[in-house]
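**Q** Given the sequences, and given the hints that come with them, work out the whole structure.
Chains as they are written, first to last, in this note's numbering: chain A, 1315 to 1827; chain B, 549 to 874; chain C, 9 to 377.
No incorrect hints appear here.
Listed below are several chain C residues computed to face chain A (Cβ distance under 7 Å; list not exhaustive):
hint, residue
1, Ser238
2, Lys239
3, Tyr242
4, Val246
5, Glu249
6, Ser250
7, Asn252
8, Tyr256
9, Ala257
10, Ala258
Dumping the calculated DSS-like pairs for lysine-lysine here, alpha-carbon to alpha-carbon at most 30 Å:
hint, chain 1, residue 1, chain 2, residue 2
11, A, Lys1433, A, Lys1448
12, C, Lys236, A, Lys1693
13, A, Lys1580, B, Lys853
14, C, Lys245, A, Lys1580
15, A, Lys1693, C, Lys245
16, A, Lys1450, B, Lys856
17, C, Lys236, C, Lys25
18, B, Lys856, A, Lys1433
19, C, Lys245, B, Lys853
20, A, Lys1440, A, Lys1450
Don't read these hints as lab results, they were simulated from the structure.
None of the values given here were measured: they were computed from a predicted structure.
Glycine is no exception: its CB is placed at the ideal position from the N, C-alpha and C atoms.
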Amino acid sequence: MSTPAIELKNVTKRFGSVIANDNVNLTLEQGEILSILGENGSGKTTLMNMLSGIYYPDEGQIFVGGREVSIQSPKDSFELGIGMIHQHFKLIDVLSAAENIILGLQGEEILKMQEVYAKINELTAKYGFDLDPKEKIYNMSVSQKQTVEIVKVLYRGADMLILDEPTAVLTPQEIQKLFTVLRNMRQAGKSIIIITHKLNEVMELSDRVAVLRKGRYIGCVETAKTSISELTEMMVGEKISLDIHRSQPQDAHKRIEMRGITVRNKEGVRMLNKASFVANSGEILGIAGVAGSGQKELLEAIAGLQETETGGEILYYAPTGETLKLTEMTAENIRNLGIHLSFVPEDRLGMGLVGSMDLTDNMMIRSYRETGHFFAHRKAPRELAEQIVEKLDVVTPGVDTPISHLSGGNVQKMLVGREIAAQPIVLMVAYPVRGLDINSSYTIYNLLNEQKEKGVAVICVGEDIDVLLALCDRIMVMSGGNITGVVDAKSTTKEEIGLMMTGATKEKADHES
Amino acid sequence: MTLIFTFIQQAIGQGIAILFGATGEIMTEKSGNLNLGIPGIMYMGGIAGLMGAFFYENHAKEPVAAIGFVVALLSTLIVSMFGGLIYSFLTISLRSNQNVVGLALTTFGVGFGNFFGGSISKMAGGVGQISVKTTAGAFRASIPGLSQIPVIGPLLFSYGILTYVALILALATTFILFRTRRGLHLRAVGESPATADAAGIDVTKYKYAATVGGAAIAGLGGLYFVMEYLGGTWSNNGFGDRGWLAVALVILALWNPAHAIWGSLVFGALYILYIYLPGLTRATQELVKMLPYVVTIIVLIITSKRNKPENQPPASLGTVYFREER
Amino acid sequence: MNHNTVTNKEPLIRMVKRGHIGKKRAWTIRGIAMLISLMVCALVIVGITGQNPLQVYAGIIDGAVGSNRRIWVTIRETFALLIVAVGLVPAFQMHFWNIGAEGQILMGGVASAAMMIYLGDALPNWLLIVLILVVSSLAGLLWGLLPALFKAHMNTNETLFTLMLNYVAMQITTFAIVFWENPAGSNTVGIINSATQKGWFPRVLGSNYGLNVLLVLAITAAVSIYMKYSKQGYEIKVVGESQNTARYAAINVKWVIVRTMMISGAICGLAGAIIVSGASHTISTSTAGGRGFTAIIVAWMSKFNPIAMLAISGFLVFMQQGSIQIASQFGLNENASDIITGILLFFMIGSEFFLKYRLEFKHRKENAK
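**A** Written out as structure tokens, the structure is:
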């Protein structure tokens, strides 16, 4: 056996008191595709960032091609032939593809862009990419940007590639194209690490799988000799069957109705396209789709946080029998009408909470107006914070701690707890269990079910189809800003939803599956 | 006709100091550093050049203009780069807030200029109003021959060397920013230091270089003012608010030094317009002097309507960067 | 590719973020920074004057608190700086970079001077002073409102807008001086109502500046309570942290920006009245005297804590007054105080770094092979 391309020995990385990677060992052989598998927050990205020079390990050794190295900067990493494609693209919007590709390279001082274009075109032809090197990044789609990232790494002749969750933002077709390219690269002798938490991709693509759990290295197995259930067990620690209690919806009434709503982003791109649907009281409506398919815009349009194009309308059927038009209302108007609309947004610290404020102050974000005149009352929010901390097992030194000091999962619990405590009539949650461990996730599922049984109309955007299938009553699928269909969660299949996520309508998906 | 020529000549004379400041500030801002200390640095550069020349002329038995020129130039560069270094160390290495450091630097720099400007003659033994005629002469010398051409001569070739240096520096900075590898890297640092860092660019080095280099260019504006404009003397607060106008010109020029050339002419013209407008009283003159600021505010409002991404300020402007931030 | 360049190299010094720092430790670090800054200042002064540094510092102390009058001047200047810093707090908590306090002070000052000049004989003194306080606040309010409106509705950069307004205010001041100059041709206003003392703050607490202190203390307390306990103060902090969160919380972001800048501008305008009616009794373009800029640094460094603001204002003014004394003692000009202030600020700003980070010196580890 030849020397491994990369070898990590007893690598440890801490952030303050948090241990992100604890004594990790890992080997990447030459010319293989190695998957690093782990749940959110298991330390995969941190580990790879130590190879790309973003972080520096606190303890341990790194060997590249059999030699011990110290990677202090991304530059050191490049020089060793390591190229990383980050989950959040490291591209500069106002520069062209070619300018981004040559960024950081040494060479003649006066730029000769024609030569650069020629070399890029040569590479893209070789691997079958579709890329205009003169195009500015701000004009590109997500998949095109990823192409730029990969070409960037190839352009500098990397022979070890690390891809961090490369498929998270792609459609299945784009994923297949990406896999083909990756296999071509393996053929050409490149060694590839792909970070993921999607088991099917692991099985389909990789030669070997290394598993991390809560910052620790669990083990490494050959893909051909393992199974999804074994990997799941390694990943989560114990075998889990999704056993979410689901009651039959009682006494369902129309609560929210959206008719032909279109939302454009700042750049004028259509993020939500003539969306129409109905959410009923006493049921959980799931929303499935690849990230960025318009879920965020849909929820924010209902909450009065998105400007919608004229022509569509959003109606709210109050329990009293009244019908109110939410279209063109701001969050302020909605609140003033006394509509109990709770919303757990995707961006927790950027929208739902204020990171620098303590737990108490964060509890009163939506309710501080309701008591007192000039002065804000903090007694009730303080009690609420204490209640949530106790009920949902939030780990915190106290309710006077700034909420940004809490871990992602605990932040999430505080936010969901607050929104449910507001006694909603409509409850919208985006990725309610992201960053939570299994037990906390179940606590949240139970809370959502409780709300449903109370007659609340629950709308839940999720990323895990299995969870949506077990939790929801109906599932609405979105793709590229379109609603491709609504299916009954008890009778549909994973395949059907998967196909609809790629843009196939329900009818077509039914036909194909 | 002659009046218009004089007006343009005077406007250029006013604009050049601002152009130096704006070119230096653009270079600095392209690295993501909003250096509000530029006005102070221009004061520091001006007084340093003057003092250098002054001590040279006082100590040399027969001052040579060329040596005075070099001494003044070097003094200016060293002191203004020192100012840039203070800013860089505090904002880049110690990650202090850029606005706060910039304003402190301006307080310091303006005080530095006025203090030495006011005390220099006393410190040198009380020679009265200081003046460095010989050195200033070198800065003021216009191009022989060419400046004698009728009309074109006075309009284009009657200025001292720093005027042409300002134009060349502005054009050269534009070329460096948009046509060279280092320029590309610098723009990347200003847009997104994290991305530049990941691409292997030494963010700290680029930020230091652009900020200290920008300070040196801005300092030349101060030197221009004391040598070419004032003719080798100092008047307290005489430089006034030109430093702030330089910061304002950056916006008008959309972060492109080549645009700053005509922008500086506009600012220069507005600055002296009150002298040339007939029928102004002492009071209304003061109102006309408001124009450069009012125009800047209007431009600011117009550009705040988003247009092309290329015309926006560098995306990381005003923020500090630390790699291991999490 | 040269692998040797990256083999076995470890960074010598690494910066590590501190989780938490105790109050005592924080103030120790700040204290050390102040001591070093005082030593550097001493070196600079000695370098220029050639005097014994101890003598120089004795001179500074003498200049700041050497006589009853000097003590009161130091107090007056401290509170003038403090009120401007207090005025900036609401804006800064909202992350609105109001660097236009200088102009807001001037507008307030011009308004006070106008009241004193035009209404000095028409109104009883107490009514005139109340009117001065109200009108100067309104003038400052207007100067804060302008950039806020454009920020709220068009997201116009407030840093540069407020900065430019400083100079518009300065031109308005010189414009007014043309009409008010006394004696004619001097281009200065001179002491306003020097015979009648109309519009001057009355003696309170046995001092000409007692009212200044009381007013500033009252406003400092009011702003602290407003920021800490009121709903509006809460809204300001939410808007400052994230406008997205504010919209989510159904806060009218535009109105909060406008309202907060009106408050901020009004307090700075009031500071103009305190300086003109309560201290200098004249108006000039240097009435604000850079306080608008220094106050930004005071507010920022004290993390908006009122006691810290008072302490830092006091320290800066002490050194300024002292160095003015030194300058006149050694025949230098008074701009020496700006240099001293600058040096002090550099060190105090720099010390904040060591509150957030600590340096780790890494020793080369033995290779255990």
